[in-house]
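The primary structure of each chain is shown beneath.
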Amino acid sequence: MSDDDDQDWPGSPDTKVSKSTPDLVPPASSRQPRSLKDELPLDDALPGILDPEAEPLAESEERPPASRKVASVRVPERVDERVDDYSTWEIDGLTAEPPPTRKAGWLGVERKTPVEGTRVLIEQNAAAGPNVVRRVLPEDELVALGSPARAHRSATFGELLDASLSLGDEDERG
Amino acid sequence: MYTNAGTLSFDLAEGLVRLGGEARLVVPASALMALWGGASPAARRVFGRALGESIGRAAAKRLASEGADPTSAMLDASPEAALSELAAAWALAGLGALDLERWGRALVFVVGGSPLGGDGDELCEIALEGALSVASGKSARVVRLERVEARARFFVSNAGATARMRAELARGTVWAEVLAELDGASSRGDA
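For the record, the sequence lines run as chains A and B.
According to our numbering, the first sequence is numbered sequentially starting from 2.
According to our numbering, the second sequence is numbered sequentially starting from 2.
Read the hints as simulated data drawn from the structure, not as lab findings.
Just so it is clear, the structure is predicted and the values come from calculations on it, not from any experiment.
Built from N, CA and C at the ideal position, the CB exists for glycine as well.
Do not rely on the hints blindly, as some may be mistaken.
[To be verified] Example chain A residues on the side facing chain B (calculated, C-beta under 10 Å, incomplete):
{"id": "1", "residue": "Ala156"}
{"id": "2", "residue": "Thr157"}
{"id": "3", "residue": "Phe158"}
{"id": "4", "residue": "Leu161"}
{"id": "5", "residue": "Leu162"}
{"id": "6", "residue": "Ser167"}
{"id": "7", "residue": "Leu168"}
{"id": "8", "residue": "Gly169"}
[As the list claims (entries may be wrong)] Simulated DEER-style distance windows between Cβ atoms:
{"id": "9", "chain 1": "A", "residue 1": "Ser155", "chain 2": "B", "residue 2": "Asp100", "range": "17 to 23 Å"}
{"id": "10", "chain 1": "B", "residue 1": "Glu150", "chain 2": "A", "residue 2": "Arg154", "range": "33 to 39 Å"}
{"id": "11", "chain 1": "B", "residue 1": "Pro29", "chain 2": "A", "residue 2": "Arg154", "range": "44 to 50 Å"}
{"id": "12", "chain 1": "A", "residue 1": "Arg154", "chain 2": "B", "residue 2": "Thr174", "range": "35 to 41 Å"}
{"id": "13", "chain 1": "B", "residue 1": "Lys139", "chain 2": "A", "residue 2": "Arg154", "range": "19 to 25 Å"}
{"id": "14", "chain 1": "A", "residue 1": "Ala156", "chain 2": "B", "residue 2": "Gly39", "range": "41 to 47 Å"}
{"id": "15", "chain 1": "B", "residue 1": "Pro116", "chain 2": "A", "residue 2": "Arg154", "range": "36 to 42 Å"}
[Said to hold, decoys possible] Here are some of the chain A residues that sit facing chain B, going by a computed Cβ distance under 8 Å:
{"id": "16", "residue": "Ser155"}
{"id": "17", "residue": "Ser165"}
{"id": "18", "residue": "Leu166"}
Looking at chain A on its own, in the form it has when it is part of the complex (with noise of 0.2 Å):
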């Protein structure tokens, strides 16, 4: 966790909410005597603060319900007001877009489904041992040589008899 972690974000609620409906009724649990305002809805307690045709908050912004019955406990999502939601950047004159999907410009391969008759059936039969599939060479050449390599003909008994046998030759010349 950074430092940024512990500050304090513009908005953010408690971590204690409540989807549920206010209930007007104190759990059973509840020896303490309430006040009214706490037993009241929201909308009602304050009266012209809140307009209740207006869309609802965020969820992370939305408070404890009067109940203060929890249904769960939520992370809060940190949202900086000092960044503008990318999605209304203008840049170049170009509108931020939805991704793409497959059907409104998908360049991938699409996944065919296989026919029936080109299945491959694969029968376990542990016994007689898997039917091995075996490679062979292709009738066509594989290399071809850019520039033939002079053929290597080793020396015959004769050639290499003619070598000894005039071993010492040029010494009798010179």
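Using the hints, position chain B against chain A.
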């Protein structure tokens, strides 16, 4: 592959041994060496030469196809094929295992395990000359370079080179140095 033309056959009913149609004798090595020791140098040379020519003829005959010249077949054969046939004929004569080494341009034959031992090196020397001369049609001379236990090395060359080798060996020169000098002189061509 050793063909029937070079097969050593024993006809027990007739009491004959043949190699490629040529009659052979199976004699004890000790008896042969006794005869060798009592013979003159000229007689040794005649005997050894005849023995080698028989070996070379049999080897070249097996290398040649039907109707082809045996000498050309030996010269055109690969060193391995030629050695194989020569070694086979050499072995059928009971003279040991024949191998071939190349020291630069020099050919050196190696005879291993000959039953004649060191006393038979001169016979091997002369027999190799006869075998190579007949098989190749070229005049070849052979000199023994060294013997190490059961292996003896024989240098094949012309008369001048083998004579120089003999003289250097008599002076105690290492044969490898002489071979190197001969090979170097031939390579430069200006020695």
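Cross-check of the supplied hints:
1. Ala156: 7 Å, holds
2. Thr157: 5 Å, holds
3. Phe158: Status holds, d = 4 Å.
4. Leu161: 6 Å, holds
5. Leu162: This interface hint holds because 6 Å falls under the 10 Å limit.
6. Ser167: 6 Å, holds
7. Leu168: 4 Å, holds
8. Gly169: 4 Å, holds
9. Ser155/A <-> Asp100/B: 17 to 23 Å: 18 Å, holds
10. Glu150/B <-> Arg154/A: 33 to 39 Å: Given range 33 to 39 Å: holds, Cβ gap about 37 Å.
11. Pro29/B <-> Arg154/A: 44 to 50 Å: 46 Å, holds
12. Arg154/A <-> Thr174/B: 35 to 41 Å: Taking Cβ atoms as reference, Arg154/A and Thr174/B lie about 36 Å apart, which means the hint holds.
13. Lys139/B <-> Arg154/A: 19 to 25 Å: 21 Å, holds
14. Ala156/A <-> Gly39/B: 41 to 47 Å: 43 Å, holds
15. Pro116/B <-> Arg154/A: 36 to 42 Å: Given a distance of about 39 Å, which is inside 36 to 42 Å, the answer is holds.
16. Ser155: 6 Å, holds
17. Ser165: Where the cut-off is 8 Å and the nearest Cβ of chain B is about 4 Å from Ser165/A, the hint holds.
18. Leu166: Result: holds, 5 Å to nearest chain B Cβ.
The structure meets every hint from the earlier list without exception.
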